[in-house]
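**Q** Sequence:
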Amino acid sequence: KMPNVTVCTHPLVRHKLTLLRDKDSRSREVRELTKELSTLLAYEVMRDLTLKPKSVAAPGGDVQGDEIAETIGLAPIMRSGLGMVEGFAYAFPEAQVWHLGLYRDAKTLVAIEYYNRLTADCRCDVVYILETSLSCGSTARAAARMVKDWGAKKIKLVVMVAAPEGLRAFQEEHPDVGVVVCSIDQGLDANHDVTPGIGDAGSRLFGTT
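Heads up, my numbering is the position in the sequence shown plus 279, with the first residue counted as 1.
Careful, some of the hints might be misleading.
Stated by the list, open to error - Straight line, CA to CA, 30 Å or less: simulated BS3-like cross-link-like pairs of lysine-lysine:
hint, residue 1, residue 2
1, K433, K333
2, K427, K331
3, K386, K302
4, K386, K427
5, K333, K435
6, K333, K302
7, K314, K435
8, K432, K331
9, K433, K302
10, K435, K302
11, K302, K427
12, K295, K435
Said to hold, decoys possible - Cβ-Cβ distance ranges computed for the label pairs, FRET-style:
hint, residue 1, residue 2, range
13, K427, D327, 15 to 25 Å
14, E392, G486, 17 to 27 Å
15, V376, P290, 22 to 32 Å
16, P290, D327, 17 to 27 Å
It is worth saying that the hints were derived from the structure and are not from the lab. Values in this document were obtained by computation on a predicted structure and should not be read as measured data. We put the CB at the ideal spot given by N, CA and C, even for glycine.
Produce the complete structure using the sequences and hints provided.
**A** In structure tokens, the structure reads:
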């Protein structure tokens, strides 16, 4: 068991992840399943958000309710993380979206940054880094560094499948960042991709396989 890692074992998550793993699923199905899984993961990762009281006028009279007190930011790692944004935005439409462009060099496995539109000052109380697969973890680690340098104090990483090697590397560098994942898979293959995994999520999402 890894500290600060939450595996979401809800039956719906396990059911939809199995469908997502199917290599014969078409791009439309992959997009829908990614969105649906992301919404379920949003409920899991947001369970510790702070509430503040809010009074509203209900049909039967005034009622004291609650609203989210924190400003939420989504930081999808392009391009596969883009597929998770819609599901999170469905759960919390007020979330800000800050895109991070990172890819892993195939030879060195080092994360290369190619896009960053973070503002000079962090505007979010909580930032969720979104990435479909955590393999060796280089892009996720780099994204967490970028978000920390931005000034975010509360950060969580949300992924669908992860290799144990990638999780250990991520936790070694960022022990203060919680991780929520659908499944911890067997490990890495010869190409340093998660196995059995979900394949090249970006290509599957956007029909470029």
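**Q** Does each hint hold? Answer for all of them.
**A** Tested hints:
1. K433 - K333: 24 Å, holds
2. K427 - K331: 26 Å, holds
3. K386 - K302: 26 Å, holds
4. K386 - K427: 27 Å, holds
5. K333 - K435: Holds - the C-alpha atoms of K435 and K333 are around 26 Å apart, at most 30 Å.
6. K333 - K302: At roughly 46 Å apart (the allowed maximum being 30 Å), K302 and K333 break the hint.
7. K314 - K435: 18 Å, holds
8. K432 - K331: Holds, at about 19 Å.
9. K433 - K302: Measuring from Cα to Cα gives roughly 35 Å; hence the hint is violated.
10. K435 - K302: Measuring from Cα to Cα gives roughly 29 Å; hence the hint holds.
11. K302 - K427: Violated - the C-alpha atoms of K427 and K302 are around 36 Å apart, more than 30 Å.
12. K295 - K435: 22 Å, holds
13. K427 - D327: 15 to 25 Å: Check passed, 19 Å falls within 15 to 25 Å.
14. E392 - G486: 17 to 27 Å: With a Cβ separation near 26 Å, E392 and G486 satisfy 17 to 27 Å, so the hint holds.
15. V376 - P290: 22 to 32 Å: Since the Cβ atoms of V376 and P290 sit about 29 Å apart, the hinted range of 22 to 32 Å holds.
16. P290 - D327: 17 to 27 Å: Given about 22 Å between the Cβ atoms, the range holds.
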